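**Q** Same order as they appear, the protein sequences are chains A and B.
In terms of my numbering, the first sequence opens at residue 1 and continues consecutively.
In terms of my numbering, the second sequence opens at residue 1 and continues consecutively.
Simulated from the structure, these hints should not be mistaken for laboratory data.
It cannot be assumed that every hint is accurate.
Claimed, not checked - In silico BS3-like links for lysine-lysine, alpha-carbon gap of 30 Å or less:
{"#": "1", "chain 1": "A", "residue 1": "K55", "chain 2": "B", "residue 2": "K21"}
{"#": "2", "chain 1": "B", "residue 1": "K236", "chain 2": "A", "residue 2": "K225"}
{"#": "3", "chain 1": "A", "residue 1": "K7", "chain 2": "B", "residue 2": "K211"}
{"#": "4", "chain 1": "B", "residue 1": "K257", "chain 2": "A", "residue 2": "K7"}
{"#": "5", "chain 1": "A", "residue 1": "K222", "chain 2": "B", "residue 2": "K25"}
{"#": "6", "chain 1": "A", "residue 1": "K222", "chain 2": "B", "residue 2": "K236"}
{"#": "7", "chain 1": "B", "residue 1": "K21", "chain 2": "A", "residue 2": "K225"}
{"#": "8", "chain 1": "B", "residue 1": "K218", "chain 2": "A", "residue 2": "K225"}
Just so we're clear, the structure is a prediction, and the values are computed from it rather than from any experiment.
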Amino acid sequence: MTNQTDKRHHLNSVLMRESLIDKKVMASTEVETPVIRMLPESHVIKIGSSSIIDKGKDLTYPVVEVLGELLEKEKLILGVGGGLRSKHVFSIGCDLGLPTGALAQISVTDALGNAHMLGALLSPYGVVAIPPEIFGHLLPLFIRSAPGVIFNGVPPYSLWEHPPGIGRIPPHRTDAGCLILAECFGCKTVTLVKDVDGLYDSDPKINSNAEFIPEITVSEIKERKFETLPFDEVLPDILKTSRLVQSFQIINGTKPELIKAAIKGEHVGTIVRADN
Amino acid sequence: MSNELLTELGASLISGNLTDKSLLKQTAEQPVFKVLPNANVIKIGGQSIIDRGRAAVLPILDEIVENLPHHKMIIGTGAGTRARHAYSVGVDLGMPTGVLSVLGTFVSMQNARMIHFMMAKHGIPFIEPIQFPQLPLYLAERQAVIFFGMPPYVFWQRNPEIGRLPAHRTDSGSYLISEMFGTRSMIYIKDEDGLYTADPKKDKNATFISKITVNELKSLDLPDSVVEPPVLEFMKNAEVRREIQIINGLVPGNITKALNGEQVGTIIRAD
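If we strip away everything but chain B, and leave its shape as in the complex, we get:
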């Protein structure tokens, strides 16, 4: 007698092995449900924006407020120079990657709290990972929320391939939220126009790349990049968030244009 309480997939999963690729394929047969398809994820850079203080932060927050009537925004924060300091001290003391990840989380949380205070009068909350179930209500009521960009892996942050620092930092954490919630965009606010062939702060000959695919970018094998490498790996496997834009937040109007779907920086696409 067949078990009518189980779907066909349920029966296969219960008797099967979760490393079996043919079984795994069946788990994506239904179209993926977009949880918050009208929201945008915006990441405000730590070292690139927040560490500059009011000169960079206040105009960006003003522009975000101007966009509140038109766009829903899930705003993640980067870490920046204090994370670099904590990582330096931590590495010197022999800290494992998981402990360094905890330190990075604290710094990106400080930045989230600062942005939260600056935005408080607009009724915009800061939510920790445990408060994400309230995210839809806050977005419906106030159009925006602030979260810390670090994925909450803490002691479970995997070791990186090179060196000891957590590879999954605030670009990765913000990206994964955009993929998870099926949002309409992922916009990184940094202090450069986008991706260059080299770090434009150090190399005057660096040339700007306005559009590129993940595979093209990988084949360039650049020594440095504008976005954390795991984001590119995630994009390869992503079902929803197949495109990201990196924009210069120091140029007024860029955030508005990016929210409206225009290209003002570098767009990286999955192949």
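So that you can see chain A by itself, here it is in the shape it has in the complex:
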């Protein structure tokens, strides 16, 4: 195919000369070949930081014990957040007027610190925190050679974090980093370990009459416009376009045995599902 007026040097491909913004061209990339699953046997577990690790050994040790038992049989990818220290650094950064991308970049190390603490606690099981620079590319190797890995759940959006619309807090935090990672690698389950049983119709820490919601879809979450959510607000949008991960579960880490049940696929918290 030659085009005398086109002075661009093309490489022959089905997308050659095409605009990658054109909606029809984009739709053409939806082919019959299913998206591969790179790590179909691995489970992604996000251990809450404000909710578990920051509370100290009373809550953290029992969780570590359960994770240790699980690691004997299951492959775990453990993500952690930045917790209270990230909230603190956000408050100083906001006071200085720093933009969202700066806050995103600065907060990474809080999660990394927590990853290293969890890594120290899980060292006897052969599980350590992996530096974020190499984590993604080497993940399949680590998962094959160790029972599990720990990473700071923060996705590498950093200076490239999206402007959030309301306020300046980076929207892609550690819950998002764990869910996107699980989708990319085609993992088996995604579990968010917090200090509440799951989603309520209002914050159970403020309203003692809050009603528990055991199961909900993405579109129901959008319709009901909850005042707060026990997970990053972008999660429903991420789940909406997911292909491999169709749900995630929020469970209460103050009852650590629930982690084992969740990994088996049992319904022990709130399950958020993609619409079908």
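Starting from the known structure of chain A, fit chain B onto it as the hints suggest.
**A** Quick look at chain B alone, frame taken from chain A:
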């Protein structure tokens, strides 16, 4: 006893939930600090400019060099035809969007390195994401740096709404740098005069649009666009970068005029 080490916002954030909208609003009470308000972000198109080779690239680089005494430039690069090839093969092999994003990053990095070699004698460095803390020094010393336009999301690139290709590519990555650093402009160098009602390369009846707002552009619901759709979404939420210009880099003088704040292409504004 109140905790004097915490600001009021600090106390609210630590006891609050980061999905609470009233709390989030408080985080933007201070005016946003512009990190590099005198710099411009320029994106050189991949398929539109760099894939044309010397005929298109050399005059553009000459014009950038001519502007070095007057303007600070953070120069991002597009990917282009090799990304299209990699995406085609990748989609056929069933690659997830995150892996395709890695492939796109490599191609835009190749283009950044090529532009870097061409600009090296002027002392202009290519910086990877991890080197961005050095950006202010390089700008102060040499007036320009080159970076690859892809946002470094790699495996964490979210799935697009349509199809499988990463939606956040080099237009998005360059835009986010201009918003993050509070720069004075975001200029996209492409091979068309700006935005048209259809792809002017394919439709002879396409008409030129010189000025448009984000909402107007959305309501036109064009099948194709001159800039990646996520850029328009970002603009809606942006605090600083409320306007972008798309110019034809094949027309000599356009880059200089755009850097001087003149309109030579299409200007898209947030409402």
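**Q** Confirm or reject each hint.
**A** Status of each hint after checking the structure:
1. Simply put, A/K55 and B/K21 have alpha-carbon atoms about 25 Å apart, close enough for the 30 Å limit, and the pair holds.
2. Proposed proximity of B/K236 and A/K225 is supported: the alpha carbons are some 21 Å apart, at most 30 Å.
3. Note on A/K7 and B/K211: the hinted pairing holds, with a Cα-Cα distance of about 28 Å set against a maximum of 30 Å.
4. The straight-line distance between the Cα atoms of B/K257 and A/K7 is roughly 25 Å, inside the 30 Å bound, and the hint therefore holds.
5. Among the hinted pairs, A/K222 with B/K25 is consistent with the structure: their alpha-carbon atoms are about 20 Å apart, no more than 30 Å.
6. The hinted pair formed by A/K222 and B/K236 meets the criterion: a straight-line CA distance of about 20 Å does not exceed 30 Å.
7. Proximity of B/K21 to A/K225 is assessed by CA-CA distance (about 11 Å); at most 30 Å being required, the pair is judged to hold.
8. Restraint check: the Cα-Cα separation between B/K218 and A/K225 comes to about 25 Å, which is no more than 30 Å; the hinted pair holds.
The structure shown violates none of the earlier numbered hints.
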